[in-house]
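Undergrad: The hints should help you fit chain B onto chain A, whose structure is shown.
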Amino acid sequence: MPTLLGVVLLVFFLFNWVGGDPAYILAGKIASPEAIENIRRSLGVDQPYWVQLWIFIKQIAVADFGASWSTNERVSQIFATRLGPSLTVLVPLLLISTLLALAAAMLVAYYRGSLTDRAIMIGCTVGQSVSILVYILVFQYLLAYQLGWFPVQGWGSTFADNLLLYAALPILVGVVVSLAPDIRLYRSVFLDEMSQDYVRTARAKGLGEGRVMWLHVLRNAAIPIVTNVMTQIPGLLAGAFLIERFFSIPGIGREVILAVERSDFPVIKAVTVYVAIATLIINLAADLLYRALDPRVQLK
Amino acid sequence: MRHLVAALSFWVLGAQAADPSKILRITFQAAETGFDPVRVSDYYSGTVIEAIFDPLLTYDYLARPARLVPNTAVSLPEISDQGRTYTLAVKRGIYFADDPAFKGAKRELTAADYAYSIGRFLDPKKRSPYAFLYEGVAKLETPERYTLRIRLKHPDLNFGHVLAFSLSGAVAREAIEAYGDESAAHPVGTGPFRLKRYVRSSKIVLEANPGYREVVREGRRLPLIGGVEISIMEETQSRWLAFQRGDTDMEYQLAEVAPTFITPGGELKPEFARRGIKLERSVDPEIIYLYFNMQDKTVGGLSKEKIALRRAIAMAYKIEDQIRIIRKGQSIRAQYPIPPGVAGHDPDYRSSIAHDPRAANALLDKFGYRKGPDGYRSMPDGERLVIRYSSTPSERDRQFDELMKRSLDSIAVRLEIHKDRFPELIKLENQCRLMMRTSAWIADYPDGDNFMQLLYGPNSGQSNNACYRSAEYDKRYEKSRLLPHGPERDRLYREMTRIMETDTVWLLTDSRYRNVLLQPRVRGFTKHPVMHAEWLYIDLE
Chain A
0 MPTLLGVVLL VFFLFNWVGG DPAYILAGKI ASPEAIENIR RSLGVDQPYW
50 VQLWIFIKQI AVADFGASWS TNERVSQIFA TRLGPSLTVL VPLLLISTLL
100 ALAAAMLVAY YRGSLTDRAI MIGCTVGQSV SILVYILVFQ YLLAYQLGWF
150 PVQGWGSTFA DNLLLYAALP ILVGVVVSLA PDIRLYRSVF LDEMSQDYVR
200 TARAKGLGEG RVMWLHVLRN AAIPIVTNVM TQIPGLLAGA FLIERFFSIP
250 GIGREVILAV ERSDFPVIKA VTVYVAIATL IINLAADLLY RALDPRVQLK
Chain B
0 MRHLVAALSF WVLGAQAADP SKILRITFQA AETGFDPVRV SDYYSGTVIE
50 AIFDPLLTYD YLARPARLVP NTAVSLPEIS DQGRTYTLAV KRGIYFADDP
100 AFKGAKRELT AADYAYSIGR FLDPKKRSPY AFLYEGVAKL ETPERYTLRI
150 RLKHPDLNFG HVLAFSLSGA VAREAIEAYG DESAAHPVGT GPFRLKRYVR
200 SSKIVLEANP GYREVVREGR RLPLIGGVEI SIMEETQSRW LAFQRGDTDM
250 EYQLAEVAPT FITPGGELKP EFARRGIKLE RSVDPEIIYL YFNMQDKTVG
300 GLSKEKIALR RAIAMAYKIE DQIRIIRKGQ SIRAQYPIPP GVAGHDPDYR
350 SSIAHDPRAA NALLDKFGYR KGPDGYRSMP DGERLVIRYS STPSERDRQF
400 DELMKRSLDS IAVRLEIHKD RFPELIKLEN QCRLMMRTSA WIADYPDGDN
450 FMQLLYGPNS GQSNNACYRS AEYDKRYEKS RLLPHGPERD RLYREMTRIM
500 ETDTVWLLTD SRYRNVLLQP RVRGFTKHPV MHAEWLYIDL E
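Residue numbers (numbering that gives the first Met the number 0), protein chains in the order written: chain A, 0 to 299; chain B, 0 to 540.
These aren't lab readings, by the way, just hints derived from the structure by calculation. Hints may be right or wrong, so weigh each one.
DSS-like mimics (lysine-lysine), calculated; alpha carbons at most 27 Å apart, straight line [to be verified]:
#1 A:Lys-28 <-> B:Lys-426
#2 A:Lys-57 <-> B:Lys-124
#3 B:Lys-138 <-> A:Lys-28
#4 B:Lys-474 <-> A:Lys-28
#5 B:Lys-404 <-> B:Lys-296
#6 A:Lys-57 <-> B:Lys-125
#7 B:Lys-21 <-> B:Lys-195
#8 A:Lys-28 <-> B:Lys-418
#9 A:Lys-28 <-> B:Lys-124
#10 B:Lys-478 <-> B:Lys-268
#11 A:Lys-28 <-> B:Lys-152
#12 B:Lys-526 <-> A:Lys-28
#13 A:Lys-28 <-> B:Lys-478
#14 B:Lys-125 <-> A:Lys-28
Covered by chain A, per the in silico footprint, the following chain B stretches (three or more residues, Cβ under 8 Å) [said to hold, decoys possible]:
#15 103-115
#16 197-203
#17 458-464
Just so you know, even glycine gets a beta-carbon here, dropped at the ideal spot from N, CA and C.
Isolated chain A, as found in the complex (with noise of 0.2 Å):
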């Protein structure tokens, strides 16, 4: 609770100082003082401070953030209709960035000191300075425009669609540049897991490499791997805004740009709520999941 209330004070205030006026982008290109001061009573921020704040206290409490300024759509409408296209590209990226990751990292710590670990080491490196818009910019280029291995851009009318064709050349963008940070951060905590005791004693005991990475390894380093991933979580709810722009995918990422650009608060508090109040629910489940992993962990 007490998180939460800072996050809504920090977004109220954060607005009402560096937002700008919404009516004067609401007004058009003339306006008179008397239209200007008839939209700021119309949005209701004309009102004393404490009494807008009170009043988004309230729409948190009822969840009901109402509509949009600029398009008068309503906020809960907003996200159920641009939600869809964000998850069928964030939940399938998140799933085969983590896999491929978990089972590249296991490698270059299985063979740590070997050419292929330093081979995929300089690449992590180098792969990660590179901004995502980059990769963004030349896999459009390359694989949509001159190859034609996918649409350039676009969203489809059916899921099947829009995950087999257009999330596709989205959902690689996004594996390629999490791959980098994710492989290097595996990779360190499979090789402080390889150095413990318990190790040496499962070889010693007989078991075959597969059992000892698969098995003892990844369960031990499972805690670091479930925060890391956990805390991905909550960012599906905002959504990739440059992959969702530069592909024209109608997510909730691009929505945000979009009331950002225009002030629109109702919009701007609504994600910032809700990815706070996921990202609560995520920590305590991955509170809960530690426990599940290691039962030497200890809620409290």
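TA: Just chain B, lined up with the frame of chain A:
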């Protein structure tokens, strides 16, 4: 009997409807906000609205400068009472597109629909961004079913342009009431297209309205195409690649990559021309200008030394660099406050303000702006001289900042850049609290009045962002409002421009080119200065 005739004519005309296989695919570079005419102010929503709703008047597609012609009105308005009363007759037998809001009945367009639609702009609860266009309306009367009489508060010979404005189309009260807050997503009009599929901020699909009245051009009934598919693509690379792959038919939002396909001479590069791609190039009906706040204590006022300071800054500013570097050659120098394609534009007029830093320095020396030990000038009274230029934190505005810095350095004037978000700049501007800013104005309607009002004294704090008040200018402006487009009004406009230049209120910089790329299969497209949805006239092979 009349209903029977109407039904038969619908059946016959329906048989000649637009070819449904011809779908024009285009993009918008920003998301629309909705399709309720009173609620929108963005270009993209306005474009779709123009295709769905019918104003009383419209523009001749090919005439330049733009010329008003009747649309759903029988003829151009009868103007009486010295420009205070407009009377129009609405054509009979025009029907709204079928919609559940009409409960299965055919709904005919009448004068009351226009009275209702215009009345909505005047309703403060609707807080329409374009209410200012209609604020001269005193009373809307419908003496007969098909007759609309508009009484204005003051004489206004340009009100016909307001009636042709894309948002002045007729909405049906039943549809607005049926959809309530959702009416922005359920547009129901009498125009050539109707909304078929709508995914907000992503996809807008229009289909030819099968009940569209008979409009014939060159022997063919309009619209010629079966629909328009609009994809929202914010990023230039996505739009450019999609066009090159043939995924879209028309693209005009490629200013950033224009040198890729346009030669320095303004022609389409041969590699694109060989593929049959066509370039339609025109100058947008807009002006970009640098304004000085005439109420500011440093640069404002009409004393000789203040005029000299503004003049020197204007002479130091290198417009050529703005066009070459910032616009990448995709704009032309603006000489006159009324851009090309707009009634009142004077192609022979030449600005008296030329780029000449040496003369600018001499002017400042003459009026006592002495250089100090730090190399920068001070005010004639010895106070520190700092020019404060306001801009947004965008990448493009940073380029303007750098150009301004270079320009003012050439006359040894110290510059301070004031950064703020766009709404805050507008707020300060409306309060006459900015010193200097680069601003733009694009025509709401293609008449010089829409531009010359930008310097009219009573508009200070609204569209007159320089907060300029000149009795000489205002006197001529008031006189011009009582005149139709013609030599007498043009003469007044020229005089007003010279007054503004003498006072050096603005430095007109440029007007941007609109480069429309067309796939080989697109036929019949000509960019109109103010009509956005030229889809009515386009054909596809």
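Undergrad: So which of the earlier hints does this model not fit?
TA: 10, 15
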